[in-house]
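Make the full structure from the sequences, and use the hints.
Order-wise, the sequence lines are chains A and B.
Each number in our numbering comes from the position in the first sequence (counting from 1) with 140 added on.
Each number in our numbering comes from the position in the second sequence (counting from 1) with 140 added on.
None of these hints come from the bench; they were simulated from the model.
Intra- or inter-copy, both count: the list cannot distinguish identical chains.
Each computed SDA-like pair below joins lysine to any residue, with the alpha-carbon atoms no more than 25 Å apart: (1) 205 / 268; (2) 162 / 252; (3) 143 / 288; (4) 209 / 171; (5) 270 / 250; (6) 209 / 173; (7) 143 / 277; (8) 143 / 253.
Protein chains: 2
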Amino acid sequence: MHKLSILEMNRLTASEFREAEKTPLIVVLDNVRSMYNVGSVLRTADGFRIERVCLCGITGTPPNKEIHKTALGAEDSVKWEYYNSTIECIESLRKEGYIIVAVEQVEGSQNMMEWCDGRPMAIILGNEVKGISQEAVDAADYCLEIPQIGTKHSFNVSCTAAMVMWQYFRNYYIHERL
Amino acid sequence: MHKLSILEMNRLTASEFREAEKTPLIVVLDNVRSMYNVGSVLRTADGFRIERVCLCGITGTPPNKEIHKTALGAEDSVKWEYYNSTIECIESLRKEGYIIVAVEQVEGSQNMMEWCDGRPMAIILGNEVKGISQEAVDAADYCLEIPQIGTKHSFNVSCTAAMVMWQYFRNYYIHERL
Chain A
141 MHKLSILEMN
151 RLTASEFREA
161 EKTPLIVVLD
171 NVRSMYNVGS
181 VLRTADGFRI
191 ERVCLCGITG
201 TPPNKEIHKT
211 ALGAEDSVKW
221 EYYNSTIECI
231 ESLRKEGYII
241 VAVEQVEGSQ
251 NMMEWCDGRP
261 MAIILGNEVK
271 GISQEAVDAA
281 DYCLEIPQIG
291 TKHSFNVSCT
301 AAMVMWQYFR
311 NYYIHERL
Chain B
141 MHKLSILEMN
151 RLTASEFREA
161 EKTPLIVVLD
171 NVRSMYNVGS
181 VLRTADGFRI
191 ERVCLCGITG
201 TPPNKEIHKT
211 ALGAEDSVKW
221 EYYNSTIECI
231 ESLRKEGYII
241 VAVEQVEGSQ
251 NMMEWCDGRP
261 MAIILGNEVK
271 GISQEAVDAA
281 DYCLEIPQIG
291 TKHSFNVSCT
301 AAMVMWQYFR
311 NYYIHERL
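Encoded structure:
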C-alpha cells in the first residue's frame, strides 16, 4: 500500500486556504490556559478548513513560540480573533446567525453519540481545570457531551476539540450531500 | 444548565476499570517520539475504556513524568504493553483475532467519512514525522484515512488517535444496539 508523498497530498497554500470556501464551524476557546492546546486546536481547524477560531479571556494568541510548536504554521492559515470576554464573543456570533453549542458535561446535554447537527455553528471549549464558565454554559443554545466510561473526569481540550470538529465536519458534509 | 460535579459523574475507580468489560479496540503506537502524545492517548483510551495500548519501538512507557503530565493517572487504569517491534506486535494481535488497521494516508485507503467498522480491532498510529513505517502499513488489513482539506500534511498524533477512537467507539456501540 503506497504512502502518499507530500506532493501527492496536493494541499492548499495558506493564501489559497484564506480564499477557499470554509466549513461553517467556529471554535471558541473560553479561557484556555495552555498555549500547546491553542496551537493544536489551530492545526486541527486547518485540516477541516473551519471558518475561524475565537480566543477569549486568558487564552493566548499568536504570534507565540509555544502556539507555533503545535500549530506548525496553522496560525497563518486559520483565521482567528481575540475577545476579552467569552460572553461578548457568544453574543457577536449569535448575531451573525451561528448556533451556540457548549461542549460540557451538564444535566440534559445532547449525547454526541446521536449528534448529527450540521447547521452553521460555534462550539465552545472550556478551561483545562474549570471547564466552561457557568455564564457561558447558560448563554449557549444547547450543551453537547462526549460520553465517557472510564476513570478520568474529562478529555484533554485539544483532543475534545478534534473529536467535535471531526464529527461536525462529517455531519456537515453528509447533510450537504443529501 | 447545571454542570455535573465530579461526584455526579460517577466514574469508575482504577480497580473497577480493570475488571469492567472493555471496548474491543487496541491502539498501537509505532515509534511515537513524544511522551506527551503517549500520555494523551492513554487519557483518551481511559475515557472510552479501550482494551489496551501497545507501545512499540522508541515509544516511551510509564512510569514517566512527561507521560503522567498528560495521562493524569490513566497510565494506572488502561492496560499497556511494550513491544520491541511493531511488526511483532501486529503478528501477535492478528493471532488474537484483531483486524489490523493502519491510520495513514495511502492510495486506496478507506475514507473515515464512511467508516463504520465495529469489529474487534487494533489501530496503528505512526511517528510524528515519518508516520507509520511502510513495513507496518503493508502488514495491516487495510488503511484508514481522515480526510483533510487544509494546508498542513497531517494532524497531531494524539488528536488523530482521539478522532479514530471516538468514531470506533460510536461504531461499536451502534452495532451492539442493532
